[in-house]
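Asker: So the protein lines, in turn, are chains A and B.
Using my numbering, you'd call the opening residue of the first sequence number 1 and step up by one each time.
Using my numbering, you'd call the opening residue of the second sequence number 1 and step up by one each time.
Keep in mind the hints are simulated off the structure, nothing from the lab.
Treat the hints with care, since some could be wrong.
[Unchecked claim] With the C-beta cut set under 7 Å, the calculated list includes, among others, these residues of chain B facing chain A:
1) 39
2) 98
3) 99
4) 195
5) 206
6) 207
7) 208
8) 210
9) 219
10) 220
11) 222
12) 223
[Claimed, not checked] Derived pair list, reagent style EDC-like, types lysine to aspartate or glutamate, alpha-carbon separation capped at 16 Å:
13) B/199 - A/20
14) A/10 - B/262
15) A/10 - B/226
16) A/10 - B/215
17) B/313 - B/262
[To be verified] Which chain A residues stay away from chain B? Per the calculated CB distances, all over 12 Å, these:
18) 68
19) 73
20) 84
Beta carbons: idealized from backbone N, C-alpha and C, even for Gly.
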Amino acid sequence: MADEGMQSWKTLALGCAMTEPGTSRSFNTGDWRGRQRPVTDREKCIKCGACYILCPDMCYSPDTEAEEEGYWIWNGFYCKGCGICIAECPKDAIEWQDEKEEDKYGQACRT
Amino acid sequence: MAKRVGLEVSLACSEAVKLANVDVIAAYPITPQTHIVEHLSELVADGHLDAEFVPVESEHSAMSACVGSSAAGARTFTSSSAQGLALMHEILFIAPALRLPIVMAVANRSLSGPISIWNDHSDIMAERDIGWIQTFAENGQEVMDLTLHAFKVAEDHRVTLPMIVNLDGFILTHVIEPIEMPSQEEVDAYLPPFEPQQKLDIANPISMGLVGVPEVYTEARKAMLDALEKSYPVIKEHWDGFAQQFGRQYNPIETHHVDDADTVLVTMGSLGETAMTAVDEMRAAGRKVGQVRIRLWRPFPSGDFLDAISGAKTLVVMDRALSPGADSGPVATEIKSLIYATGGGPYVADFVAGLSGRDVTREDFKQMVDKAEAAAAAGDPMTFEMWGVKE
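Isolated chain A (complex conformation):
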């Protein structure tokens, strides 16, 4: 097993308690994904935000660095690959794309 995120038993808090808030943000659920990721075609995207609203994790957020505002950016650190965004996109703008194992842990992905 890859030891990413693993911690020595000697440094765990008493009773494995979580003593800091918000730590789920640093928890990589992206490695649960298979060898495909959802990729948005911005030619088809109408910026409705359905992907953001319906994502059961927190993969989509406003893309503040895009030249044009209103797009949503995908974060592979959290995406478990459920495909809900693909199924629900009203314009079929999101599609599966094969990805290599080494690319899986990528952060935000602009396409």
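Following the hints, put chain B in place on chain A, whose structure we already have.
Answerer: Same frame as chain A, now just chain B:
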């Protein structure tokens, strides 16, 4: 000053809990534990004990409420037996995982079926691996003393683990014995107020009981195991402190005539006293027989046990529960495994006796010794036998 009173052992347990000044009791009545919680309920209702008594709808809820109250920093007690203990099962693992120093008295009783309310150790043996510290009492005084000791050990910051005091159902719970009852001042001198090492606190929020993904579960279990193993010297230390305060010394392994003994009886719980009388009688008849009584069951005091039996040629283990499909009862299985690691050791004969409160007499113990010595001399394979089963 301590005073000597005649008291039912269940009530002695409740009085110890009162002297420990617990904050929360969450319990569901079940035979033969009933008098323990009944008396605690009276003590709270009558204003003798300032505690919350939570009359839950099941033992599953009892242990869940105990987990919650202990996590909130309250000194917490519960008690159960047999089917009730079994209904707590899934929550029992959570208390040590969260490092919650709950104290529980288990009035040992057979698990059904057939339906039985009588005493043996099948209930607690089914909970052997829950991760709690576990001691066994032999008489009423020990129930009182071990209950006070349990709070002291469980809440020690070097331990912070839940602890069970086992007392045999009916044989102890329903018998009136002379009990040396310590005064509140003496108990307060031994047992300080509970200072939780960690608790749910709005001013300093933490989360307890989270998911342990495969990357953390093994490490979390290792940390709990380490705490259980490291509790051993603290358990002993607080027995020594108990002796200083109250004048009665307890040890993880108690011995009786073992020094020159060829054959050693191994017992756990109240039948140890019957066995002790049998040993005395065999000694008087010139036989080199001794006895080892296991007081601390978890963590198992391996070193103390091996020291105690180092001179023995034959061990006669009395199990009070079956481990169906295994080659012996749970106590003998443990002992054989321990002895195997030494690369030698005595012949081990295992007798599963006293199931569901069936009497085990001095004569039974003598016959067990005879049978074990003959089997050892004949070089028979080590096995176990259900003692006294009617063919």
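Asker: All hints are to be evaluated individually against the structure, with a verdict given for each.
Answerer: Here's how the hints hold up against the structure:
| no. | hint | verdict |
| --- | --- | --- |
| 1 | 39 | violated, 32 Å |
| 2 | 98 | holds, 4 Å |
| 3 | 99 | holds, 4 Å |
| 4 | 195 | violated, 14 Å |
| 5 | 206 | holds, 5 Å |
| 6 | 207 | holds, 4 Å |
| 7 | 208 | holds, 5 Å |
| 8 | 210 | holds, 6 Å |
| 9 | 219 | holds, 4 Å |
| 10 | 220 | holds, 4 Å |
| 11 | 222 | holds, 4 Å |
| 12 | 223 | holds, 5 Å |
| 13 | B/199 - A/20 | holds, 14 Å |
| 14 | A/10 - B/262 | violated, 44 Å |
| 15 | A/10 - B/226 | holds, 9 Å |
| 16 | A/10 - B/215 | holds, 14 Å |
| 17 | B/313 - B/262 | holds, 5 Å |
| 18 | 68 | holds, 39 Å |
| 19 | 73 | holds, 26 Å |
| 20 | 84 | holds, 22 Å |
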